[in-house]
Amino acid sequence: MADAERKRIVELIRKTTANHEYFFDNLEDPGWLRVLVDEGFFKQPIEPERGDGWIRYPFCSESRYLARIAAQAPNDVFQIAMRIGPTENVRVHEDLLRISAQLPGKTAAKLVRREAGWLRDHDGHLMSLPEAAGAALAHLAQERELDVAYEFARALLAIRRSASASGVRRQAVARFHEYAYGRIIERAWPALVEADAGRAFRFLCDRLADVVRVGFTHEPDSYDSTSSWRSAIEDHGQNLGNSLLDLMVDVVRDQALGLTLKSDGLEPVLTELQERPEPLFQRLALHVTQGRGSRELVVSTLTTPGLAFDAELWHEYGELLRHRFADLDGQQQDRVLSVIDAGEAYELTPRLEERSVTATDVERWDRHARFKRYAVIAGELPDHARAIYDELREEFGEPAHPTFLSYSTSWSGPTSPLSENDLRAMDPSEVVQQLREWKPQGGPRIPPRKASVESLKELWPRGPMPSLRRPETSGVRT
Amino acid sequence: MEATSQGPLYTPGPDDSARAPDLELSARSRELLEVLRDRFKGDAHLLYESAMRVLVNKSNPARLPLAAAAVREIMDDLEREAGFAHRMPDWKERIAKLEKAWQVAGTSLDVADGGGFVRTLEEFFEEFRRVPSRRALADSTICAFDPATRLPPPAVREARADAWGKFRRYFNVVLHREVHPTDVDFRREFESFEAFLFDWLRPPTSADLDALDELLSKGPPDG
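First to last, the sequence lines map onto chains A and B. Start counting the first sequence at 2; every next residue gets the next number (our numbering). Start counting the second sequence at 92; every next residue gets the next number (our numbering).
These aren't lab readings, by the way, just hints derived from the structure by calculation. Wrong hints could be hidden among the right ones.
Derived lysine to any residue pairs resembling SDA-like cross-links, with alpha carbons at most 25 Å apart [unchecked claim]: (1) LYS107(A) x GLU132(A); (2) LYS8(A) x GLU50(A); (3) LYS263(A) x SER301(A); (4) LYS8(A) x ASP134(B); (5) LYS309(B) x ARG188(A); (6) LYS107(A) x ILE56(A); (7) LYS107(A) x ARG188(A); (8) LYS309(B) x GLU132(A); (9) LYS44(A) x LEU242(B); (10) LYS257(B) x LEU13(A); (11) LYS44(A) x GLU89(A); (12) LYS111(A) x TYR23(A); (13) LYS132(B) x PRO295(B); (14) LYS44(A) x CYS234(B); (15) LYS309(B) x SER295(A); (16) LYS8(A) x THR240(B); (17) LYS44(A) x ARG119(B); (18) LYS309(B) x ASN240(A); (19) LYS257(B) x ARG119(B); (20) LYS8(A) x LEU288(B); (21) LYS149(B) x LEU266(B); (22) LYS257(B) x ASP4(A); (23) LYS149(B) x LEU114(B); (24) LYS257(B) x GLU140(B); (25) LYS44(A) x THR240(B); (26) LYS8(A) x ASP304(B); (27) LYS132(B) x GLU282(B); (28) LYS44(A) x ASP253(B).
From the derived model, a few chain A residues whose C-beta atoms are all more than 10 Å from chain B [what the hints assert, rightly or not]: (29) GLU12; (30) ASN27; (31) ARG35; (32) PRO46; (33) GLU63; (34) HIS126; (35) ASP342; (36) GLU354; (37) ALA386.
If you anchor each label on the Cβ, the simulated ranges turn out as follows [to be verified]: (38) LEU116(B) x MET83(A): 48 to 56 Å; (39) SER297(B) x LYS44(A): 41 to 49 Å; (40) GLY52(A) x PHE219(B): 29 to 37 Å.
The structure displayed is predicted, hence computed values, not measured ones. The C-beta atom is built at its ideal place from N, Cα and C for all residues, glycine as well.
Please construct the entire structure, taking both the sequences and the accompanying hints into account.
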């Protein structure tokens, strides 16, 4: 009787897709596992469907059921999950990761290791898998299964070259959008840091190095263009934002600053950053020194040969100088000033001469470089240095943004030469006279005459002013 | 007598053995006929009607094998329409080709001819491997005409392919007179086949929900 009943039940479940899905989507009882396994369920998940130029990853009711009850029957679910056949269906792998986040550490690690193998070979879209992956990673970290956690993280957070991007900023890509990438780090990294701060930080630095290598290192001379694409290590309006580079710089920066507050302190963080060859990491080190360095470290950094006049590092060096110079005592300040006074020692090379650069030009560059460095500490300069700075300011003018190699602004227009308040205050005949006489001065922000008059119409005072007439009736030709 | 899906469709009259009885269709049979006519381009609906006409003719001593033949033809028709031609390899031609290549290889010491022989063998086995199994044919046919816009889960596909295979085997042995079922037994299988076609081609998506809810609330069966 039991066999007949069982057969009837299984036939009912298998009768149609609707029955199968309804049953599994509403099943919450792990007591069914043995029967279902004996009857051959769970072995082979539903595969992706492919068409002409598309692929669909259907949900798998069986694996979703397992993910729902994993916490109630972890051993049974683990055994079943490990026997699920190979599949390219991302939804099933998502469910397997959800299962792993509910298993004890050792079994979770076995399952995730298998998933890491699949992930390394999978080239398609990951749908909503990143979220489940982040939870699995955090769980492994909490369970101290660090080797598998990092093996999985290497596969999940791998950086590669985009097959389709045309611009520099989008050459280095992750397997999914940088928003999801950031969420995974946000979710999983606290536990990884807790378990082994150095390893966790090193991993993030490695990913940032991958971004630089893949997207911002240009042949033939391996030129690193990150200083062009990320103007400031700190949050700043000059940073373009919304890229993997920006995300990873922010992540490494914030992790570095956070780690310096831990018992090990600043040294391991700076060592990790300074041992890397990419200029971006030297900039990060300078930024960390600015925020966390002792006076002795600040002086040592500011007087390090090669740092003071390295164009790639200038913004962070300049900000370190700006923010910390005042902390130094007189002797320490003098040491820094003597480095600045020595200048960059520009050389008039044959290559520069071919480009018609002269010795006078080189000397001017040197003075300008020193001027920028004085400018950021102008308010703290001792008298002798102040005199030099004043001379240089006389020559070069007040610098607007001395710690930036270049500075971008934006403007939208055209704009009217007269504001609404101007118009209200003026007699119509005065307005007409102004428009007749006004000539655009030229330059990118000065709109052509016609555009300005059009925008003037938009500003024409609203409200009861019967004595005013519109410009087009006053004989003003555009 | 009104035709239903339970019991005989026709009660023989006093003196109509020389005339084929009228076919009165149940609502279910009518619906299935409509499904087969609308969904398929071939003759599945005609074969189904023929099977029913043959079955009701109690004076026809070969009615069961003939009905089984019609059902078997329905299955072949659907497989053909799904794109699977029932073209078994021409074994005679292939073996002759293999034999010729072997004769050349056997009498000649030339390595190139040996290479040609091996190539022919490889082609032979490659073509053999490409012939789909009965089970693969069944699965692909069922999936090709599933009215859902997506593939069924493997558990459902396996169950359906199994069922298709069982029906094919049953109707084959009846058609070849290897077994001699009673009218009642045959009718039972025939109606099972009708139910199978319904569940596949016009699935009653909510008909079993109450039974499934009961299952879910009761819990797993013992043993």
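Going through the hints against the structure:
1. Distance restraint check for LYS107(A) and GLU132(A): the Cα-Cα separation of roughly 21 Å lies within the 25 Å cut-off, and the hinted pair is therefore satisfied.
2. Proposed proximity of LYS8(A) and GLU50(A) is contradicted: the alpha carbons are some 30 Å apart, above 25 Å.
3. Proximity of LYS263(A) to SER301(A) is assessed by CA-CA distance (about 23 Å); at most 25 Å being required, the pair is judged to hold.
4. Pair hint LYS8(A) plus ASP134(B) does not hold up; C-alpha atoms about 34 Å apart against a cutoff of 25 Å.
5. As the CA atoms of LYS309(B) and ARG188(A) are separated by approximately 40 Å, the hinted pair breaks the 25 Å bound.
6. Pair hint LYS107(A) plus ILE56(A) does not hold up; C-alpha atoms about 34 Å apart against a cutoff of 25 Å.
7. Taking the CA atoms of LYS107(A) and ARG188(A), the gap is about 21 Å. The hint holds against a cut of 25 Å.
8. For the hint pairing LYS309(B) with GLU132(A), the CA-to-CA distance comes to about 35 Å; that exceeds 25 Å, so the pair is violated.
9. Between LYS44(A) and LEU242(B) the CA atoms are separated by roughly 17 Å; this keeps the pair inside 25 Å, and the hint holds.
10. Proximity of LYS257(B) to LEU13(A) is assessed by CA-CA distance (about 18 Å); at most 25 Å being required, the pair is judged to hold.
11. Proximity of LYS44(A) to GLU89(A) is assessed by CA-CA distance (about 14 Å); at most 25 Å being required, the pair is judged to hold.
12. At roughly 31 Å between alpha-carbon atoms, LYS111(A) and TYR23(A) are farther apart than 25 Å, so this suggested pair is violated.
13. Of the pairs offered as hints, the one joining LYS132(B) and PRO295(B) holds, with about 23 Å between alpha carbons and a cut-off of 25 Å not exceeded.
14. Annotation: proposed proximity of LYS44(A) to CYS234(B) holds, straight-line Cα distance about 19 Å (limit 25 Å).
15. Our distance criterion of 25 Å between C-alpha atoms is broken by LYS309(B) and SER295(A), whose separation comes to about 70 Å.
16. The straight-line distance between the Cα atoms of LYS8(A) and THR240(B) is roughly 28 Å, outside the 25 Å bound, and the hint therefore fails.
17. Proximity of LYS44(A) to ARG119(B) is assessed by CA-CA distance (about 36 Å); at most 25 Å being required, the pair is judged violated.
18. Annotation: proposed proximity of LYS309(B) to ASN240(A) is violated, straight-line Cα distance about 62 Å (limit 25 Å).
19. Between LYS257(B) and ARG119(B), the direct Cα distance comes to roughly 22 Å. Compliance with the 25 Å bound is thereby established for this hinted pair.
20. Only pairs whose Cα atoms come within 25 Å are accepted, and LYS8(A) paired with LEU288(B) is accepted, the gap being roughly 20 Å.
21. In summary, the hint linking LYS149(B) to LEU266(B) is supported, as the alpha carbons are separated by about 17 Å, within the 25 Å threshold.
22. With a C-alpha separation of about 20 Å, the suggested pair LYS257(B) and ASP4(A) falls inside the 25 Å cut-off, and the hint holds.
23. With a C-alpha separation of about 12 Å, the suggested pairing of LYS149(B) with LEU114(B) holds against the 25 Å cut-off.
24. The straight-line distance between the Cα atoms of LYS257(B) and GLU140(B) is roughly 22 Å, inside the 25 Å bound, and the hint therefore holds.
25. Between LYS44(A) and THR240(B) the alpha-carbon distance is near 23 Å, which keeps this suggested pair within the 25 Å criterion.
26. At roughly 17 Å between alpha-carbon atoms, LYS8(A) and ASP304(B) fall within 25 Å of each other, so this suggested pair holds.
27. For the proposed pair LYS132(B) and GLU282(B), the alpha carbon gap of about 23 Å is at most 25 Å, so the pair holds.
28. Distance check on the hinted pair: LYS44(A) and ASP253(B) sit about 17 Å apart at the alpha-carbon level, within 25 Å; holds.
29. Distance to chain B contradicts GLU12(A) as a non-interface residue, since its nearest Cβ pair spans about 7 Å, not more than 10 Å.
30. Look at ASN27(A): its CB is around 6 Å from the nearest CB on chain B, not clear of 10 Å, so calling it non-interface is violated.
31. With a least CB separation of 8 Å from chain B, ARG35(A) falls inside the 10 Å interface cut-off, contrary to its annotation.
32. Not every CB of chain B is more than 10 Å from the CB of PRO46(A) (nearest about 7 Å), against its label as outside the interface.
33. A beta-carbon of chain B is positioned within 10 Å of the beta-carbon of GLU63(A); the least distance is around 7 Å.
34. Residue-level check passed: HIS126(A) sits 17 Å from the nearest beta carbon of chain B, beyond 10 Å.
35. Every Cβ of chain B is farther than 10 Å from the Cβ of ASP342(A); the closest lies at roughly 75 Å, confirming the non-interface assignment.
36. Under the 10 Å C-beta cut-off, the non-interface status given to GLU354(A) relative to chain B holds; the minimum distance is some 69 Å.
37. With a closest Cβ-Cβ approach of about 76 Å to chain B, ALA386(A) is found to remain outside the 10 Å limit, as its non-interface label requires.
38. Checked against the hint of 48 to 56 Å, the pair LEU116(B) and MET83(A) passes, with Cβ atoms roughly 52 Å apart.
39. For the pair SER297(B) and LYS44(A), the supplied restraint of 41 to 49 Å is violated, since their beta-carbon distance comes to about 28 Å.
40. At roughly 30 Å, the beta-carbon separation of GLY52(A) and PHE219(B) lies within the given 29 to 37 Å, and the hint holds.
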